[in-house]
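Listed here are the chains, written in short residue letters.
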Amino acid sequence: MSEQPLINVANVNLFYSDFQALKDINLSIAENEITAFIGPSGCGKTTLLKCFNRMTDLVEGCKVNGTITIDGQDVFDKSVDVNLLRKDVGMVFQKPNPFPMSIYDNIAFGPRTHGIRKRKDLDPIVTQSLQRAGIWNEVKNNLFKSALSVSGGQQQRICIARALAVEPKILLMDEPTSALDPISTGVIEELCQELKEQFTIVIVTHNMQQAARISDKTAFFLLGEMLEFGETQKVFSKPENEKCERYITGKFG
Amino acid sequence: MKSADTVTKKRRRITRYTLLKWAGYACAGLAIAALAGILLFVLIRGLPHLSFHFLFGKYSSANPSVSTALVGTLMLVFLALIIGGPIGIMAAVFLTEYAKKGKFVNIIRLAVETLAAIPSIVYGLFGMLVFGVLFGWGHSFMGAGLTLSIMILPVIIRSTEESLLAVPQSYREGAMALGAGRVRTIFRVVLPNAAGGIVSGLILAVGRIISESAALILTLGLVVRNMPTGFMSPGTSLALNVYFFGLVSPEAAAATSVVLVILVVGLNLLAMGLGRLLSKNKGSKKKRPARTIPMLKSGVEK
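Going down the list, the protein sequences come from chains A and B.
Its first residue numbered 1, the first sequence is counted upward by one per residue in this note's numbering.
Its first residue numbered 1, the second sequence is counted upward by one per residue in this note's numbering.
Calculated directly from the structure, the hints in this document are not laboratory data.
You may find that some hints are simply not true.
As the list claims (entries may be wrong) - Using 25 Å as the maximum straight-line C-alpha spacing, the simulated DMTMM-like pairs for lysine to aspartate or glutamate come out as follows: (1) K95(A) - E162(B); (2) K101(B) - E113(B); (3) K234(A) - E194(A); (4) K63(A) - E173(B); (5) K103(B) - E194(A); (6) K196(A) - D181(A); (7) K63(A) - E97(B); (8) K101(B) - D181(A); (9) K101(B) - E60(A); (10) K103(B) - D18(A); (11) K78(A) - E113(B); (12) K78(A) - E173(B); (13) K100(B) - E31(A); (14) K100(B) - D18(A); (15) K145(A) - E173(B); (16) K196(A) - D216(A); (17) K100(B) - E194(A); (18) K103(B) - D57(A); (19) K78(A) - D24(A); (20) K169(A) - E173(B); (21) K100(B) - D216(A); (22) K100(B) - D81(A); (23) K95(A) - E97(B); (24) K95(A) - E173(B); (25) K95(A) - E167(A); (26) K101(B) - D18(A).
Using the sequences and the hints, build the whole thing.
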């Protein structure tokens, strides 16, 4: 683990037109850790997540001030190529969103985007990505079937494989299991534990047990503010913030 | 007393319902009868006069044929599609993918709607004055094709827009999140998924081109006799021939109508079928032979 945190968020304020969605967020995330963002809906956790790969650019009227650095590079700097940033910072969405193409083409989409076009170069990437996402054995005989023909849990793991295929450093997961059944959820949680060895994971979740089970650090958000951030064990056993404690114990939210 | 009352009420309701139902059937029947009537009339009057010579033979006053009109129609379809298609599709891409919602987009939408409402003879007049007189082309396929390409813009823009909007936003997000730029996202993910709707729109536009007559009278001339010599020559189309034959030879007009109606109905069916086919087969459009990747020795094996 390196000395310097991989992601550093300093004094970030974010506005959707007039509405302030994030208020003075400060946070740092170390390499090869799983950080969970928890909090009630609309508290800004997904918004912060989307700042890391600048998906916020797609939202009209969204303004950010403050700095977010990844590997020492300010992501909002004008000189940053947002496409290369998104190559380094992969993302998995709430609802599985494989493209309506074959499984192979889904995984190869990212590498092809970044200039790898030859079959013999793509094949190993596809294989390895599917293996890393733990779904190789389930789909290896159906690589050229539509990615929409497999189950929701498998689709989500295909999406994870797709994100891994461009060799990101960081993997952002926006409630990746909220649309899945408990068994698929368990599979993906185990997967996160394995992926942590090679990637840094930031996961947004509404599931307290999930945050407690898989994350190293937990951040609690409420109405755009980050009220608590620390070792997951500590956050869940004796949180410093009273609101955080009430949320975790299910008294509100 | 009260129960008898409700029984009458109920009976009345049933009568009303039955009446309404039969009125509905009658109206639907009338609509179908109108279509069947037109088709039958045209077929009965026209089919006996259809012959190989009529379709492909050389035109003479004694032995009229539509060979010149067939070639002319093909040329018009080609010109209008090759000019209007890309412009219409790109305009729709701009409207849905690039333009920010606001006044500007609303103005363009309004303009497109208005374009669709303009009577075709006015297009003809415009085409004649601009391409014929101002550019000095006279009656020409080029002028007529350009006029038609403007006419079909609303059809193409609207159908393309609709099919682009039907592509889930999550596909765009997924592609962008992998580092694909706007252009790659549009060409590799959005457009292929909208292809069914776009192609149906194009086919409907072809139908519109084939059935157009008013605008062509003023822009294309009505040269039934001679084969077109190029894109700058005047000529005729099938629909124009119906107009021309209608004045001189009703049998030939009916026979031309048969060709026209068959083409248009066929195109509509094709548009429907293709739209359905393309939206059904998403993801497995290309049939590739089954192929497996050899396991990687150096991969992360489990």
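Given the hinted pair K196(A) and D181(A), is their Cα-Cα distance within 25 Å? 23 Å, holds
Holds or violated: K95(A) to E97(B), with C-alpha atoms at most 25 Å apart: 22 Å, holds
Against the 25 Å threshold, does the CA-CA distance of K78(A) and E113(B) hold or violate the hint? 40 Å, violated
Does the alpha-carbon distance linking K101(B) and D181(A) stay inside the 25 Å limit? Cα-Cα ~38 Å, so violated.
Measure nothing beyond the straight line between the CA atoms of K234(A) and E194(A); if it is 25 Å or shorter, mark the hint as holding. This hinted pair holds, its Cα atoms lying about 23 Å apart.
Below or equal to 25 Å on CA atoms is what counts here, so check K100(B) against D81(A). Judged against 25 Å, a Cα distance of about 22 Å means the pair holds.
Within 25 Å, alpha carbon to alpha carbon, are K103(B) and E194(A)? The given pair, whose Cα atoms are some 51 Å apart, is violated under the 25 Å limit.
Need the status of pair K78(A), E173(B): alpha-carbon distance at most 25 Å? Status holds; Cα separation ~21 Å.
Does the alpha-carbon distance linking K145(A) and E173(B) stay inside the 25 Å limit? The given pair, whose Cα atoms are some 22 Å apart, holds under the 25 Å limit.
Holds or violated: K95(A) with E173(B), Cα cutoff 25 Å? 11 Å, holds
Proposed proximity, D216(A) with K196(A) (alpha carbon, max 25 Å): Between K196(A) and D216(A) the Cα gap is close to 10 Å, so the pair holds against 25 Å.
K101(B) paired with E60(A) [C-alpha distance capped at 25 Å]: 9 Å, holds
Of the hints listed earlier, those the structure fails to meet are numbers 5, 8, 11, 13, 17 and 21, in rising order.
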